Amino acid sequence: MSKVLMKGNEAIGEAAIRAGCLNYFAYPITPQSEVAEYLSHRMPEVNGVFLQGESEVAVGYMIFGAAACGARVMTTSSSPGISLMSEALSYIACAQCPAVFVNIMRGGPGLGGILPSQGDYFQATKGGGHGDYRLLVLAPASVQEAVEMVMMAFPLAEKYRNPVMIMGDGLIGQMMEPVFFPDNLKTEQLNTDSWATSGMKTRGSNTRNLVKSLYLDPIQLNNHNLHLKAKYDRMKAEEIRFEPYNIESGYQVLIVSYGTMSRVCRTAIDNLKAEGLEVGMIRPQTLFPFPEAAIRDAASKESCQIVISIEMSMGQMVEDVERSVRGRKPVEWYGKCGGEVPTPEEIMEVVHSFVKSARKEQN
Amino acid sequence: MGKTFHKPEALSDQPTHYCPGCTHGVIHRLVAEVIDELGIRDRTVGIAPVGCAVMAYNYFTCDFQEAAHGRAPAMATGMKRVRPDLMVFTYQGDGDLASIGMGEIVHAANRGEKFTTIFVNNAVYGMTGGQMAPTTMPNQRTTTSPFGRNVAEVGMPIKVAELLAALQTPAYITRQTVIKPKYILKAKKAIRKAFEYQQEGKCFSLVEVVSTCPTNWGMTPLEAVNWAETTMLPYYPLGDLKTPESVNGGTDAK
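Heads up: the sequence lines are chains A and B, in that order.
The numbering used here puts the first residue of the first sequence at 1, with every later residue one more than the last.
The numbering used here puts the first residue of the second sequence at 1, with every later residue one more than the last.
Since the hints were derived computationally from the structure, they do not count as laboratory data.
Computed from a predicted model, the values in this text were never measured in an experiment.
Some hints could be false.
[Unchecked claim] Sample of chain B residues at the chain A side, in silico, Cβ under 10 Å: (1) Thr61; (2) Phe64; (3) Gly103.
Glycine residues also receive a C-beta, built at the ideal position from the N, C-alpha and C atoms.
Kindly produce the complete structure, drawing on both the sequences and the hints.
See below:
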C-alpha cells in the first residue's frame, strides 16, 4: 500500500485492524473520538467488533473480559478517561491479560482542557491504578510512528501478557500526516490455551482456566508480585527503545524529550547547530521501560555540561531523567502545559539561558 | 435401580466457605445442575463478583473470570461480543450489582447483551461485614444503619428486577427464592430458562434470588428463612417480571 494522508486518530484505528485487532471498545472523549468514529464503520467492514460502552469504567472491563478469553483487543481514550480505566488496568495487569490502551493526552488535572499535553507521564509509567504493576508504554512522535507502535503493541502485549499503553499527545491524534501501513508488522496471535477463559471445548481441554487477581494468602500474593516484577525486569532488559539525535557531535547540552515535544526540540537543535551551539537529544520511544543507560551514557560525555528534560508537563519525566543521570551532570526541566506547545525559538532561548547559567556556576 | 442423586459435574469437591444457613450453596448447585443438563460446561465462562461469592470459581468446574466490584456485566459484555458462542453468566450480590455496579447492569441489560446474571439479593453486604445495601429493608439494622434503615435519609430499597424490567429492550427478568424447598424447583426452572434464552441468542436474562444471610442478620438459619419470607417476599414479590415474548414492538411488559 502506498502512502495515504490520514489524521492520527484515524490512522491509529486503521493500524489496529492492520495489526489483526478486530475488537474495539471505547467511550467518546476529545481529542480522540475520531478513533471510535472511524472504527464504528471500519470494524463492520472486516467483521470486527465495535462497541461504544456506557463509561470508561465499563469499557476498561469490556477490554478485560474480551482479553481474558483470548481476544486481541484495544481501546482508546484521553486523560480523564484513562483515569477511569486505571482501575481496570490494575486488574488486567494483575490477571496478566494482553490488551492495548491508547491515551491521546489532553491537559489536566481535572477536566483540564482538550489541547495536547504530556501530563499523564506519571499515570502511565508509575501506576495510575493501585498496586505494584507496570504498563509497557510506547510514545510516538509522528502519525507514522503511532501506526507502527500500534502494530507493535499487540505482539508486545501478548509476549508479556500485560497491557501496553500508547501515549500520544493531542497533536498526534489530531494532525494529518502521510502514513504507510507496513504489512510486515502484522503478527499472528500467540496461543492462549494455557491461560485464557476461552471455553474448554475451544482449546480441547478438560482443565478449566481461571483469570483472577485475588490472592488472599500473603505468601502467594508476594510470589505473584515477584513474578510480575520479573516480567517488568525482562521488559527493561529487552524492550527499551529510544532515538538519539545529533549525539555524534560534541554537544554541550543534552535534551531528553518525547512525542510531539521532541519534534519541536529537533528543529531547535538544528537551528542552534547553525548558530554554532551543539545540542544532542535522546528521545525515549518507550517511557516504561525508560532508556536510563542511554541517557546516562549520553550525559556522561565530556562535552556535555547540562541535561534538560523538555516536556509538555510541569516536570514529570525529569524525575526519571535525574534518576538516570545519577548526579553526574546537572539536570534541569523546562515545560509548558495546558495545550501551549513551546516553539523552537522558545526552546533555543531556554537552552541558551541554561548554558549561560551553567557557565556562571563553573566560573 | 441406579444412583439418582449426585453432585453435578459443574460443581467441584472444594469444601464450602459459606456460612451455615447461607443460600449461596443452593444457588451454586442449581446453576451447576442447569449447566450439566444443557451440556454446556465446556463452553461456559462464569464471572465472579466481589462479595461473598468472590471465590465462586472454587466451586464451579468451568472457566471463570473474576471481576472488580460491580463490573461483571461489563466483562461479560466484552466476552460475549468477541465470543458469542460461549455461554457466559455473572454471579453477583446486591452490593456488587445494585450499588457500585448499577451502571454496568442497566446498560448491559439495555443493550440486550446475551448473557445471564444470577443476582443474589440478601439485603446486606455480606463479605465486608453486614453493612447496609441498596436492597436493605426499611428499618433493617445493619452495621452501617445501627438504628435501622431510615428511608427518609437513604431512600427505599431498590427493586432491581422491576427496575430492569422497565427497560424497553426485550429480556427475561425474574425474581425467585431458594429459602424453602417449595421455591427451589421454581428457581431452578427460572435459571434454566435464563440460560436457554442465552443459548438461543435471544436476550439478556437475569434471575434475582431472594436469599438469607443469618450471620449478618444476627439470626439463626431458621429465623433468617422466616424473616426473608415474611419481610422480604412481600416487598420483593416472586415471579417473572418480563419475558422477551411479552415485549411486542417496544411496548411495556405488563
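Hints and how they fare:
Hint status for Thr61(B): holds, given a least beta-carbon distance of 6 Å to chain A, under 10 Å. Given the 10 Å rule on beta carbons, the hint for Phe64(B) holds: about 5 Å separates it from the nearest Cβ of chain A. With 10 Å as the threshold, the beta carbon of Gly103(B) comes within range of chain A, its nearest partner Cβ sitting at about 6 Å, so the hint holds.
Consistency with the previously given hints is maintained throughout, with no hint failing.
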